[in-house]
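Undergrad: So for the sequence shown, the working numbering puts the first residue at 1; every next one is plus one.
What the hints contain is simulated information worked out from the structure, not anything from laboratory work. We put the beta carbon where it would ideally sit given N, CA and C, even for glycine. Be careful, since some hints might not be right.
Ranges between beta-carbon positions, derived for each pair [to be verified]:
id	residue 1	residue 2	range
1	L73	N174	33 to 41 Å
2	T280	E40	44 to 52 Å
3	G285	A222	31 to 39 Å
4	I41	Q156	41 to 49 Å
5	G262	I41	31 to 39 Å
6	I100	R18	49 to 57 Å
7	W249	S72	34 to 42 Å
8	G321	T17	19 to 27 Å
9	S298	S183	33 to 41 Å
10	G293	C375	23 to 31 Å
11	V42	Q343	23 to 31 Å
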Amino acid sequence: MTILTNCDIFSGDEVLTRQSLALRGGLVHLCGEEIVRPSEIVIDLKGASVSPGLVDLQVNGGDGILFNDDPSLNAITSVVNTHRKYGTTSICPTVFSAPIATMKQLLWSCLEFKKNDKAEAVCGIHFEGPLINPEKAGAHEPQTFDLDEIISFYLQSAKLIPTIVTLAPEIVGNSIIENLSKSGVIVFLGHSEASYATALEAFSAGAVGTTHLFNAMTPLSAREPGLVGATLDSKSQFSLIGDGCHVHWSNVKRSLRGTNRGKAFWVSDANSLAGSEADTGVIAGKTVTKKNGVCVNSDGILAGSCHPLSTMVKRSVQQGGIPRTEALRMASLYPANVICRAQKLGRVSEGCIANLLITNNEIEVIQVYFDGKLCVFE
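Put together the whole structure using the sequences plus the hints.
TA: Shown next as structure tokens:
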């Protein structure tokens with residue numbers, strides 16, 4: 001058993017100051033001021049903060065790897081390790097508007113990985129497209145597809161692993177959304193020109209959220225609130241790319257007001273340049289350049305992010321003025337809720353998986369624990 005002492009613990013609900021924490025068998029045990037210490041290992045964290053390991057539901061790659069190009073088991077292992085360095089302990093490998101062969105390969109790789117993944121380094125899978133509106137493709141390369149084959153594949157995937165699908169409701173229709181939702185697929189709307197009415201109907205049909213709100217959708221306007229307005233007016237969840245580049249902090253804060261608290265969560269939308277020293281890469285056949293922390297393709301379109309989820313937390317607090325505890329929930333507890341894993345992920349409480357992020361006052365990553373063990377990175 002490992003004992004972490006002299007630390008501030010953010011449980012997911014509250015901050016417990018100068019507490020101790022026991023890790024045994026890969027799980028969290030015994031939180032409190034007084035703790036029996038017959039352990040082999042006692043670690044004084046010297047006032048550092050302990051938070052749940054971060055949960056990222058949209059990871060396209062990292063360290064030179066893009067799942068669209070390499071959906072292999074080795075690629076998943078490498079990307080998992082890359083993001084773990086920065087405090088993200090659970091990810092949903094994501095492909096965007098990929099051929100079905102690529103999606104099938106990624107699913108197989110995820111299932112192989114999970115055969116030895118009791119601590120949920122891979123907590124699900126995310127298919128962003130290809131059922132999107134070509135007019136809002138963004139950096140995606142629109143695909144031709146057999147709709148029945150794609151739907152059948154989504155249904156198969158949902159039986160095997162938590163499966164998020166991002167689609168445009170105006171492209172597929174509400175009967176398909178209802179079928180997917182009733183069969184366990186986690187349906188998010190995105191890359192869409194849906195009107196306010198169309199989006200509300202899609203939520204009523206079973207869609208539960210919106211992918212990277214404000215990006216790749218029609219903007220909220222005076223007479224047509226669109227998908228943005230429908231998302232904020234409904235009970236649906238929504239992801240935000242909190243790097244300060246994709247969405248203005250004023251819009252971020254506006255989206256979090258009132259009853260929207262708890263609905264929003266961060267995603268990195270990380271591409272192959274995340275965790276990489278390279279400044280250029282190729283995404284969807286176009287050169288992408290990283291400059292001042294922003295990834296733009298040769299058409300001048302934002303092409304994902306080069307930042308891990310911990311950067312979203314840090315920037316949202318320091319630049320966006322989001323309360324630290326809420327910023328952390330948006331990167332841990334709330335995304336765990338989306339995939340119905342909040343009983344084990346996104347919290348530091350009795351019986352939860354001991355995936356932990358250790359930070360200083362500046363929200364810089366000091367240490368990462370995965371499955372109750374301190375991670376050592378080369």
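Undergrad: Check each numbered hint against the structure and report the violated ones by number, ascending.
TA: none
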